[in-house]
Structure formats: structure tokens, C-alpha cells
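*Asks:* These are the residues of each chain, in order.
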Amino acid sequence: MAEMLTQISALDDMIVPGRYGRSLPEGPGVALTLVHPCEVAVVIAAKGKARALSAAMKKDFGLDLPGMGGSASARGVSLHGTAPEQWLAVAPGAAAGSLAAKLEKKLGAMAMVTDQSHGRTVMRLEGPRARDVLAKGTAVDLRPTTFKPGMCAATQIGHVGVLIARTGADSFELSVLRSFAEGFWQGLCELALEWGYEIR
Amino acid sequence: MTSFRFDTGGLIDRSSVIDFSFDGRTLTGHGGDTLASALLANGQLLMGRSFKYHRPRSVITAGAAEPNALMEIGEGGRLEPNTRATMQEIYDGLVAKSQNRWPTLDRDFGAINSIASSLFVAGFYYKTFMWPKKFWEAIYEPIIRRAAGLGHLSHEDDPDRYEKAYAHCDVLVVGSGPTGLMAALSAARSGASVILADEHASCGGSLLREREEIAGQPGHEWAAGTLAELAAMSNVTIMARTTVIGAYDQGVFGALERVQKHVAVPDHDVPVEKLWRIVAKACVMATGAEERPIVFGGNDRPGVMTASAMRAYANQYAVAAGRSACVFTASDSGYRTARDMKAHGVHVEAIIDARSDAPEIDTDGVPVLTGAVVTNVDGGKHAMKAIEIDRGSGHETIPCQSLAMSGGWSPVVHLACHQGARPSWDEDAYCFMPPLNNPAIIPAGSANAVWSLSKCLADGAARGEQAAKLAGFKTRKTPVPKAKDETSHTSAPVWWVKQSTGKPFVDYQNDVTAKDLPLAAREGYDHIELAKRYTTSGMATDQGKLGNVNAIGILADATGKDMHEIGTTTFRPFYTPVSFGALGGQHVDAHFRPVRMSPLHNWAADLGAEFVETGLWYRSSWFPRDGDDWLAAMTREVLNTRAHVGLCDVSTLGKIDIKGKDATEFINRLYSNAFAKLPVGKARYGLMLREDGFVGDDGTTSRLSENHYFMTTTTGHAAETMRDIEFAHQALWPELDVQYASVTDQWAQMAIAGPKARDVLAKIVDTDLSNDAFGFLAAKQVRVLGSIPAMLFRISFSGELAYELAVPAGYGEAVANAIMHAGEPYGIGPYGLEALSAMRIEKGFVTHNEINGRVTAGDVGMGRMLSKKKDYIGRMMSERDGLDDPDREQLVGVKPLNPANRFRAGSHLVNLGDKPSLKTDQGYVSSVAYSPMLESWVGLAMLKHGRERHGQKVMLWDGLRDVYMEAEVCDPVFFDPAQEKAHG
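Chains X and S, in that order, give the protein sequences.
For the first sequence, the tail end lands on 201 under the working numbering, and the numbers increase by one without skipping.
For the second sequence, the tail end lands on 987 under the working numbering, and the numbers increase by one without skipping.
Among the hints, erroneous ones may be present.
[Said to hold, decoys possible] Sample of chain X residues at the chain S side, in silico, Cβ under 7 Å:
id, residue
1, 17
2, 142
3, 144
4, 178
Simulated from the structure, these hints should not be mistaken for lab results.
Ideal Cβ positions, reconstructed from N, Cα and C, are used throughout, including at glycine.
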């Protein structure tokens, strides 16, 4: 019993790779991927410590601390500004428990670090129709001129809170609370039926 | 059967032949036909029966305003009533049925109403069906409703999918006629992102329906070229079949896209309709103008239609209502119809121009009778025969098979009015002009009373530039193509041909006649909003798009007021009807609202749990065995837990991680009881008040280290408590250095309760669980199964020796299974929400059943948890007079005298001998459970002076089930009042 258990994702029995929905000549409109395991932590600056935190992030993680609605990535860690002086750190595939522990160690009293690796479910939505699929759910203006790669937005899709981060021209990272993940995933799949989707 | 298809012409695809059915008869049409044009092509002039008099009706328009040609389209769950035949494209296999007739459209029994029509004037129902009073609901209304129906619903589930979506653009152009196309072009050339929406299947608006030329080309060809240019621009989105249905605040527009309402079998992967919310910085309202009918005798007879509709049917669809036509006009539009119909080979008998000062227009030999009016129409269900006219020298008859009418034009102003502004009457243009309150909604072209084609093209270009500029773009002047102007003088309207000998209709859909409006005025309903309700003019699916302005004119005439004084009724979204399917969008069935799943859901499901919805959560409620019911299962679970040990999923509790140098101070201000001196490693039960001094929520908070706390809230109030905490920090005490994050989803939490709980946990937790090392209310970060980081709390909601263990959610199932495995020798069993609830009621612990927003801490026996030594949220207001009134209801237990008598929460308590009433009411039962330990139904209740009344008998009254039951008041703690078990 000494070895670490396997972390079960909220979508454990839902991910069945394959092609679904309408079959169009140009291929599936989007691809959906569960990012699991994925280390996630909430980082909130201690009072008056934002500047010091910024320096520490740069020094220890190579990250330029983004403002609210901005994202930064370096060395396998992404940081999304979700609220004033509040960030969601995401590190796909990192060792269990490692992200929050490292952040806590390096940031010390500069910030509160809370492990959310089990509390958030992270997924990737990419493809030529990714924007159109999301536009069925969120009021956020996703046009590439206004919502550029490196930007993120905390919003709702189907009454479920979701953080959308644009990772590329046609790719988005979505994170939702674990308890909502199953219904959210199913809902997202239905919104993609129109252009066909692939689960990877 | 006078209506027919021309041999040539029209923008239809004669090579595609489409079969459809109407009232069971198979007919054919062509690609590009609407249901209305295809019916006309098949000689089917009769399309429906009117609402009240069941008069035979045909189309009056060729567009969105159609009041008469309403049909049921589709079958089974796809059946859609009240569909306008003028907007419905035909497709192979389309099934259309006429409405509001019995037994058939041709022989409609209800037409008998028409004979008695002098009785059925406005207000008839109100006046006639008043007595006896109770007859209205039982007899009159059902009969009237059956007689005056529109379409029917199938009552079957709609098999199709609907979706909602958002779109964002700089400039939204509504309408793709000449104005809209030029507006889209000029806005798009500035670089602005443009959405061009049009309600019809093909874009082009009036250019598809008229014969005027632009830049030397037929108008429709110029439109096609311009649309191709727009389609090729990456910043332009063209949305056909999309009706912009409403204008809302902050530049939000609603739009309904009919994605698959024109296909035989919808692709299930694609929604049939999409409800768009379009956010635009500026909107060009190029919605055009509606041609007004003239109110004269027989103006509803099949074969009578607006002059522009007659042109549209001829030019776009190559159909006509008859081989010969007359034109009755008070505007120049009638002359264009005469010209076009003549060109199509329809014999135009005469133009009857109501204007005595009619302009000289070349009619190519068609006689013009000026200063004349049509007073009646002679015709049947299937054909028109003649019209009766009056030139001031008695009535004359002119034989003809169809009649075009034009009373002038009304700009389609709806979108400019949806935010509350009203249009104003323009004395020169003789129409209601769109209000300009919202500078981002820019009326253009004929929607702004710009009447000629060349002026509309120029206005469109200018308004498009204006919109792009407003959206922040630099514009250049867009060249405007040359067009030959059609004749378009404006003249004073003719509201009502008073010398009519037939019935003159103002509102076709509601069978409102011209004399109904003066009647309304005479009876005191002379305000336009009252007149609308009294006469029903302007109601139902078309909302008076055709009739309202005439109604206002007639009312002005009757009251001696001017048009401006009368004004219009309120314009509200939606512009045209929207299906409930579209409004529901994707949020139906399983997606009606979000579902929250516990990380232990599968663990419970594997053990056969029945689940119950609590808020959004699905919680394991009871674990049936051998087919036993909830009561048997709950009883077994309670007895097993109290005798041995049980495991319960409590992951749904709200959990908040709180850190920071001022965390202690922060928490101390949130709770009403003292938290400043909570030692590290200890949990404490805490009470939170609302600002108004009543109890808000409760829970436990544990101090894990000097500046690190772990707070739990109730399941139901987790979000509210988090919100209150955010507010307290951001607005009340921003000076505090504290940080907090919801960790509800991060942790799977389980209660392990029962005398053997310690023995079971000891097998998987790496810490000393003895009473000395880990006593009641201890809290600690531990490791389970050797390596899993966890939090362990010695807290009890069951009254047993109990622990709550939190592990990262992704390990929850494995840890729960490990506990069940370790507990097997001790007789462990799962227990659900029912057992949890029964045990907490046995112990007299409160939940939101008791702290329901109306109780104080004192009411539930927690008065001493209101600290006198500190300030906290709700303190001041909790000291208000009345909140410590001795007459307040207090928490007690209740037991029926017969323990087997089940009673229900919500029952009221009265003194023995009293009849239940507001005056005699003594309180109510808040929670009820069957207590396996007491072998009795027991309850918690709020009772006046309750604490003084233990041992007294009261009457328990369940008004819903009409049950009276004697019960004894007792202490709310039914079981183990000395708390020995929890401390064991």
C-alpha cells in the first residue's frame, strides 16, 4: 500500500477516443482532449506582495506574471490571470503534488498556494471550429483580434464556470470544477456535433 | 381557381420540381418557392380562415407581416402551428395544413359566425358572456377558445435540436435590400467586421421583387454580384434566413436563424434553429418599409393583396392571383404594380387612385380613375369576380380577378423602438419615423422614409460609413451605383373608405373592422393601448404589422385628435414569433441545468446507491439491499452505524482554504462565536449570521497551522458563503491580509462514524488516533495508505465516535474502497443521506430546514454562541428588538403519541382544542425522520415558548393531507443527550 495510487479523473469512464457527429469532407471541426493528469494550483498574492511575487516568478519559474485575463507559459507551467492578483497555475503531466509544493516552497509568504490538481478538470479544444463551438456557450468575444493567444477569460458555458485560455489560433485550454466536468464535457461534445469532433 | 404560374420569368428554379402536400393534396412547386407562392401557382388561392368570422382568406403580403396565410407545418413532434406560408420555403415532402377550420378549409362550419357578424363587434364577449358568472370558466371560455383557435400543437416531444450562440461584430446590418447591401459594403470596406442578416431565404430584399435596374443590370443581378463581393471579404458574415428579433441594451441584438426549417429531414447533428445573441458596436437598420393595406369593403377577399406583394409574387415567383387585375392606390406603388403586371401579361383593368391630386404617371394605356375608391369586392372562396367602386357618382362595377392595394408605406421601425423609445408621426412623409434615441441604431433607406432606389443606395452607403466610424474605423466614400428612380410621391393617406358597402378590415388576423375602433372610442377606450385591448387590433402573431397605422388613423379620425396625439402602441421584442425550442436552446433534458457529481459517486453507485438531487448535486441517499425500500435501508444503515461503523460521502460540503497573516482575525469576524483562540490542530463548530442578524450558515473550521484554516459550509449554502466571504474581504475589510480559495472540488470527504470508527481508520491512517492524541474536535493533516496527503477531523454529525477524512478527489474512490475493506471485519456499511439525516435529527442537530433564514441563534438554542466580546457580521442587527422576543418560536423535539404515526415536515402545531388558524398557530415542524433508535417517528419543530413546554402535548396539523395527530413536545436531543458516544 506504500506506492502512490493512481489519480482518477472526473471523466475516467467517459473518454472514448474516436470520431463523432457530422462527417464533413474537411474533417472533424474540433478535437477534444482531456489533459490528465494535470497539476493545477491557485496562487493568490499576499497583501502588498504582488511585486515581490512577480520577481520570484520570473526568477524561479521564468514566468512573466500576467495581469487579469492574461496568460504566460514557461518550462511546462502556464499561469492564467483569473482575478486581480490571482492566478491559476497549470502544469500538464507534472508529478503528482509537485506543482503546488514547488510554488509554495519558492513563493513562501508572498502568496497563498492551494493545490487544485484534483479540483479542476483541464481539457483542450482545438481545430478550425473550436471558436464556433465555444461561441455557442460563452458571451466572450472570441474573435482573434480581441481574444488573442496568451489571453484567458473566466466565463460560463451552459451555466458552468469555465476558464478559457487561448493557446493558439485555433486552440483553447478549458478548465472547470471537477464536479461539473462530466456534464460540461457531454454538453461541449453536443455543441460540436454540427461540425463533427474527434476525441483523442 | 384563378391564381396561376407564368410560363416564364421569376427567380425560381424551374428545373427542380418539389412535391409537397396541402390539406392532404399533393402539389408541386419549384426551388425558390415559398409555400405561399407554390400554393398560388397551384391555383390554391384559399389558404386559411379568419379568427373570428372564419372568412375565407388568402395571402395579403409576400413577407414577414403576413396575417392570414398561417399554416401548420410538419407532423408529429415537428408540427409547428401558425407558420407564415409567405416565409416557409417548400421542400420535398413538406406537409402543410390550413388552420382554424372544421371540417375542411372549403366547407368551414365556423363561417356561420360571419352571418351573425353584426353581433360579434369588439367587446361582444365581454358584454355577452358575463352572466351567470361561473359559466365563464366552465362553459363560455372553453367553447370560445375552441372556436377561435389558431393552430394546434401535437403534444409530442420535438425530436429536433435547438442551439444558442453568440456572435460579435463591429457593424450589424439588418436587411439586405439595396440599402443594406450598400451599408454592408461601405462598412466592410473600412475594415469593420460586418454581419449582414436577412430574414428571407435569399438575400437581396426588394431587389429580388422589383424590376428596377442598378448600374445597367437587373436589380437582382446587381444584388447577386454585391453579395458575392461581400462573401469574399473575410470580415463579412452573411446570415440568410436570420430574423433580427430584438434590440437590447449594450448593443445586444437577438436573432433567430432558421437553419433547417427548409429541409425534408433535418440532420440531427445540426440544430434546426439557432438563437443568436449578436453584440455589435453599431447597427444599420435597413429593415425596409411595410406597405399599408387600404381599409375598404371586402379588402380581405382572396385575390386582394398589397401592391408590392402582387409585384413580388409576379417578379420573384412568377405567379399571379388572377389573369386580370385592378389597382386601388393612394400612393405611386400601385402604378408600379400596374406596369409590372402588364409586363407579365396580366390584364390590368384600371388604376383606381384615391388621390384627387394624383401625379401624372405614364401607365402605358391603363386607365386611371382619380379621386375614386373601392367600396366592395365581389368574390368567393376561390376566385374574385369584380370590384365595386365609387367615383362620387354612385357605384360602378369593374370585373377583375385580383386587386392590388397601396395605402402608402410604414417604415419598419421595431428595432429602434425595442428599448422603449416610440416613433413619431411625420406630417410630410405621412408615416411614423424611427426614434433616434440610440445613436448606435442607425435607420437607413426606406426604414427611415427614404423612398426611391437611388436615394436608398446612397443612404445605405452613407449609413454604413456612419456605423463603421462609430465603431472606430476610418472610412472612405463608397461609390454609389446609378439607378433609374421609380416614381414615389408621398401623399396623404386614406385611412378608411367610409362609403364601403362590404366589411372593411383593419386587422386581418383578429377580424377587427373599421367601425370597431370608433366604438372603442365611444365606450371610453380611446387611448391607443386601451383600444388595442378592447378591439384586439394589433394583437396575435403579426402584432399589427399591417393594420396598426390604419387603426391609429381611424382612431385619430374618430376622436378628432392628430396622429401624433394618438401615437403607437409599445413595440416589444420579438419582431416575429420565436419558437420555445429556440428559446430553450441546448438547455433541455440532461442539460436543463448543470449536474454536480461527487468524487465518490462511482463508489456509491457500485454499492447500489439510490441518488437524490440536492441543489445541483447528486448525493447517495440510501443503499438498498435485497430490494428493501428507503425506510428499511435507512433503518439498517443507522442501526449498523450506531452499533458498528458506517461510511458516508460528505464531499458536497462547501470547503474553503483560508490563509494569511490576518486569517485568524478574518475568521473571528465572520463567525458569531469566538475563534481567536482556536488552537492549532483543533476544529470548532461555528455560526455565521447574516447582516440582518438572522442565522446564515453553520459549519466547522479547523486550524491546520498558525495562519492556515480549513472551513466547511453546508452543501446548500456553499456558494453564498463564499460570496459573502468575498464581499467581506473586498468591501468591508480590504486591509486584512488574507487569502482564500474554494477547495470544495479538490477534496473527497467521508464521514466514518460508529463505535468501531477508530479501529477501522487506524488501519489506513498514519497517526495516533487515541483520545489523548486525537480527541474530540481534533484536526490534523495526515497521510493515508502510506502516501496520500489527507486531512482528518474528529467531528461528528451523527453523535457517534466519528471522523471526517478528506483526501484529494482523484484518490477518493480508492480510499473509500480501502476503508470499506479495512472495515469489513468490524461490520462496516455505507450510509446515505437518509441515514445521515435521521441520525442528525435523533441528535437534534440543525440544518437549513431549521436555519431557514427566519430564525435567530437564540431560536435554535445557540444564543450563547453570540459572542459579547467581539464584533462580527450581524452582531448589531441581532440585538434588534424582536429578535430576542420571548414569544419567538424555539427549537424543540416532537414525538407522536403513537410512535408508528408518520407525520411530515411543514405540519403546524396548535394547542389541544384549538382550531388551526393564523391566530392559534404555535409553530411548525421543520424536520421529520423515523428514528431507528427510538423506534418512533420524531421531528424537530419551532414552537412558541418551546423550551418551557417540554412534556406538554400539542396538536400536529398537516393541512395538505388533512391529518390531525397528538404529539408530545420534548428536548430536541432524542438520543445520547450526554454526548458520551461522540467523545468515546
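*Asks:* Tell me if the interface restraint on residue 144 of chain X is satisfied: Cβ within less than 7 Å of some Cβ in chain S.
*Replies:* Status holds, d = 6 Å.
*Asks:* Are residue 142 of chain X and chain S close enough, Cβ to Cβ, to be under 7 Å, as the hint says?
*Replies:* 4 Å, holds
*Asks:* Report holds or violated for the interface hint on residue 17 of chain X, using the least CB-CB distance to chain S and a cut-off of 7 Å.
*Replies:* 17 Å, violated
*Asks:* Going by Cβ atoms only, is residue 178 of chain X closer than 7 Å to chain S?
*Replies:* 4 Å, holds
In the structure shown, a violation is registered for the earlier hint numbered 1 alone.
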